[in-house]
Structures are given as structure tokens and as C-alpha cells.
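Novice: Below are the chains, spelled out letter by letter.
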Amino acid sequence: QQQVRQSPQSLTVWEGETAILNCSYEDSTFNYFPWYQQFPGEGPALLISIRSVSDKKEDGRFTIFFNKREKKLSLHITDSQPGDSATYFCAASDSNNRIFFGDGTQLVVKP
Amino acid sequence: NSKVIQTPRYLVKGQGQKAKMRCIPEKGHPVVFWYQQNKNNEFKFLINFQNQEVLQQIDMTEKRFSAECPSNSPCSLEIQSSEAGDSALYLCASSLDTEVFFGKGTRLTVV
Chain X
1 QQQVRQSPQS LTVWEGETAI LNCSYEDSTF NYFPWYQQFP GEGPALLISI
51 RSVSDKKEDG RFTIFFNKRE KKLSLHITDS QPGDSATYFC AASDSNNRIF
101 FGDGTQLVVK P
Chain D
1001 NSKVIQTPRY LVKGQGQKAK MRCIPEKGHP VVFWYQQNKN NEFKFLINFQ
1051 NQEVLQQIDM TEKRFSAECP SNSPCSLEIQ SSEAGDSALY LCASSLDTEV
1101 FFGKGTRLTV V
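Residue numbers (the numbering used here), protein chains in the order written: chain X, 1 to 111; chain D, 1001 to 1111.
A couple of the hints might just be wrong.
[What the hints assert, rightly or not] With a straight-line Cα cutoff of 30 Å, these simulated BS3-like cross-link-like pairs (lysine-lysine) come out: (1) Lys1027(D) with Lys1003(D); (2) Lys1027(D) with Lys57(X); (3) Lys57(X) with Lys1104(D); (4) Lys1044(D) with Lys56(X); (5) Lys1027(D) with Lys1044(D); (6) Lys1104(D) with Lys110(X); (7) Lys72(X) with Lys1044(D); (8) Lys71(X) with Lys1044(D); (9) Lys1003(D) with Lys56(X); (10) Lys57(X) with Lys68(X); (11) Lys1063(D) with Lys1020(D).
Keep in mind the hints are simulated off the structure, nothing from the lab.
Next up, chain D with everything else stripped away, as it sits in the complex (with noise of 0.2 Å):
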């Protein structure tokens, strides 16, 4: 079972609002991960840390999206300012080695 903890799990904003949701990946797990799943369970891989420093990012995560991964503190991904087509299930998952632990999500819905 995965230890990942997301908060909070729905979140609805206006457009033009900030969005921010929380991740906890579970202990001892170095990377972390961000991942945007739509309505049609498409995944969009976002962004990824190892030990607070980032490996990966899309475009889109470094245009409108802020995320970091600091040391003794959750992990957050930000939306600087909600866009309708940024409403998805937001997925933070964590890993030790090759085996990827997911959270529950945080439902983001943007009116």
C-alpha cells in the first residue's frame, strides 16, 4: 500500500486563482514526481525531483506551474493562475529504486 499523502484531495478554484496542492512521498524515498491525469486518464508526466533538485520539467510546468521538494517539508506543485483546462486529478508519487508509489491525488476543479 502506498504511503504517498496528497492534500488536499479536491480543490476547485476560479480562473486566474492559485492552486496549490501537497505531497508527502513516502520516507526514505529520494525522488518524487508529479503527474497530471485527465478526464479521458491520459497522464501527463509534469515534473521530477531527486533529493529537492530538479530532473525533469515540461514546458507547461515551467511556464504557469511551480513545484519544489524541500528538505523536511512537503513537496508542493503551485498553478499560478488556474486555467479551465488545468481541471485533472493531480498524481504525486515517490520512489525508492524502479518501483513508483502514487498518492490518492489531489481532483482539481477550475470554474
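Next comes chain X alone, as it looks inside the complex (with noise of 0.2 Å):
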């Protein structure tokens, strides 16, 4: 069963633009969310990360919103940039600090 779920699958924005990124999760004991960015050939970045007990995180021009009622957070990032193009993966994980991804959402920002 997939822990974790994100939506849309791919997602094309124009420059200056606000990219919502969406996910889901099932196992509610998940305390931990954070959000890398995967350029191709390379490994996934830590972008921005929020825990259960909050409900936004903000850095930048990156933004976390988390309902834990729901199990649903978004990753949305204002004034979207060619550079942000890139493949962003929401992760969950529990105590035991074994993380799960979801599959990705394949952000194409247009000049």
C-alpha cells in the first residue's frame, strides 16, 4: 500500500507563477514531512520540512501547509522560477526515522 501520494503527477507554471504541489498520507503515527527537490543525475535535496505539530512552515519563497485531520499537506512556492524546475518528492516518516516517498510531482517552470 503506498504510504504516501502526491499530486499532480507533473505540473507546468509560468515564470512568477505559485506552484502547488499536493500530498497525502495513510499511517497517522507520521511525525515528521519533509520535502526534497531532485534535479536530473543527481540526489534529492532537503528543501523544506514541517513536523505533525504545526500547521505551516515557511521559507522563503517555500511554504508547507499541513492538515493533520485530513493527513494532506502542500509544498507551494510563490513566484516560481526557471531554477525550481525540477522533480520534488513529499516524504513522511515515524520514530523510527525510516522515511517514505511519494513519487514525485515533475515541476516544469516556462520563462
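Two chains, two separate frames, one set of hints: put the complex together.
Specialist: See below:
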């Protein structure tokens, strides 16, 4: 059973727009939710993360909105730039630190 | 920026050959993970260590893979007899607490 689901699979936005990437999870024991950014040929890089005690986390142009009751979260990228074009993975982990990844959203930002 | 170092970046092996890859975790990080990422971007957890001891591993890792994280030496993941289906990006990651940082990966191609 897929523990973490992401949508959409791919997303195209224009430069300057806000990209919204969605994520949901199954296991209510998950308490930490990192988002990773991965460029082709590279490993995933930790972008921003949130703990389940919070409902929002902001870091520059990147914001996570978290809804524990619905087991959903989203990553908002404001003022999207062509350099943001990458695959974004939502992940979840529990107290054992093992990470479960979604299948990714491929973001394309057109200039 | 991640300080996890993986070598080699690329590895090409024939079927039945051994394939060995190495990882130097970030200094001071006691927990090390290995993940396999396939061409569909799906992540598969393989094994993790804490201070040289195996915490968790999946069945596949027990049977055809061997991994170790000796003190004062790089961690390693070895596939005893490579199969075509093992072609993937192998990612090493390390963690001090909840944040997990990945290396750039070793791209294994089994021909």
C-alpha cells in the first residue's frame, strides 16, 4: 500500500506564478514531513520540512501547509523561477526515522 | 548542502558480477540509510544502520545484498550477483536526528 501519495504527477507553471504540489499520507503515526527537490542526475536535496505539531512552515518562497486531521499537506512555491524546475518528493517518517516517499511531482517553470 | 559523499558516481557491471558502492556519511551522523531509486523515481528502502549496527533491512537486502558501516571506514553496499533489475540509482543518506541528507548517488547499470 502506497503510504505517501502526491499529485499532480506533473505540473507546468509560468515564471512568477505559484506552484502548488499536493501530498497525502496513510499512517497517522507519521510525525515528520520533509520535501525533497531532485534535479536529473542528482540525489534528492532536503528543501523544507514540517513536524506534525505545526500547520505551516515557511522558508523564503517555499511554504508547507499541513492538515493533520485530513492527513494532507501541500508545498507552495511562490514567484516560481525556471531554476525551480525539478522533481519534488513529499516524504513522511515516524519515530523510527525510516522515510516513505511519494512518487514525485515533476515541476516545469516556463520563462 | 549535503555532505554525504558517494563513490563511484557511475558503475557498469555485467549480469552475475559483483557491484560495490561506497558512502561517507556526514560527520557526526550516527544513522546511515541506503535507498534504491528506479527509473520511475520510486524509492525503495534497503537498509539502515546506527553506529555500525543494522537497524532494519528488507528481504532483498538480506539475500543478495550485503552492507556494512564499519567505524572509521566508508559504509558500503555490495550486490553479490548483479541482475538487470538492479539497474537503478543507489542513494546513501545520513541523519543526526530527524533530518535526512542524501548523497548524489551511484548510478548502477547492469548490462
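Novice: Which of the numbered hints are not met once you compare them with the structure shown?
Specialist: none
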